[in-house]
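Colleague: Sequence:
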Amino acid sequence: MKSIAGFLLALLLIALGGPAARADDLSDGDRDAIRSIVMGQMTAFQHDDGTIVMWQVTAFQHDDGNAAYGYASPSIRELFPSPDIFMNMVRKGYPPVYRPQSVTFGEIGDSPRGPQQKVFLTGPDGKSYVAVYTLQRQPDGTWKINGCTLVEDTGASI
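Letter 95 of the sequence shown, counting from 1, is numbered 185 in our numbering, and no numbers are missing.
Simulated from the structure, these hints should not be mistaken for laboratory data. Where hints are given, some of them may not hold.
[To be verified] Pairwise CB distance ranges (calculated):
#1 D118 / S201: 17 to 23 Å
#2 D154 / T244: 28 to 34 Å
#3 D243 / P202: 19 to 25 Å
#4 G245 / R167: 32 to 38 Å
#5 P202 / V241: 14 to 20 Å
#6 L169 / G196: 23 to 29 Å
#7 D243 / K182: 17 to 23 Å
Note that beta-carbon positions come from the ideal geometry of N, C-alpha and C, so glycine has one too.
Let the sequences and hints guide you as you build the complete structure.
Modeller: And the structure:
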């Protein structure tokens with residue numbers, strides 16, 4: 091984990107437990123929604139109709155904590171109870187997510203905590219990283235980011 095906050099987040103997620111959706115059980119619409127959320131985390135993504143659906147990296151780049159915070163699950167918002175606290179954690183603990191030089195999206199896979207999306211990043215330091223986003227379906231059917239594990243990409247399989 092990248093920070094103490096990340097470690098605490100992992101403990102919280104383990105403690106929450108409960109049944110998690112399996113990637114094999116996801117509909118194509120769910121997969122698209124998950125990709126859109128994670129893509130929105132990293133870059134402004136547009137559908138064919140031109141509607142911008144996600145702006146979180148743009149929000150990070152403009153230090154717009156309210157917009158960035160909106161993609162976090164309720165569990166994350168409990169750990170970081172304000173946009174300012176959340177943004178401070180991202181700035182200090184996740185610089186490659188906060189200010190990536192490049193972004194490449196991997197596949198969605200399973201985990202005991204729910205679907206996960208791999209994202210390959212080049213950080214502001216020029217090093218390669220892998221961010222693994224865990225997503226959680228909300229009661230209203232939408233998806234929120236429920237955690238992000240960031241590791242330096244050493245070329246080993248993750």
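Colleague: Taking the beta carbons of D154 and T244, is their distance inside 28 to 34 Å?
Modeller: Since D154 and T244 have Cβ atoms about 33 Å apart, the given range 28 to 34 Å holds.
Colleague: Within 17 to 23 Å: is that where the Cβ-Cβ distance between D243 and K182 falls?
Modeller: 20 Å, holds
Colleague: If I claimed the Cβ atoms of G245 and R167 lie 32 to 38 Å apart, would that claim hold in this structure?
Modeller: 35 Å, holds
Colleague: Do the beta carbons of L169 and G196 sit within 23 to 29 Å of each other?
Modeller: 25 Å, holds
Colleague: Take the C-beta atom of D243 and the C-beta atom of P202, compute their distance, and say whether it sits inside 19 to 25 Å.
Modeller: 23 Å, holds
Colleague: For D118 and S201, compare the CB-CB distance with the range 17 to 23 Å and indicate the outcome.
Modeller: 20 Å, holds
Colleague: Taking 14 to 20 Å as the stated bounds, is the beta-carbon spacing between P202 and V241 within them?
Modeller: 18 Å, holds
When held up to the earlier numbered hints, the structure conflicts with none and fits them all.
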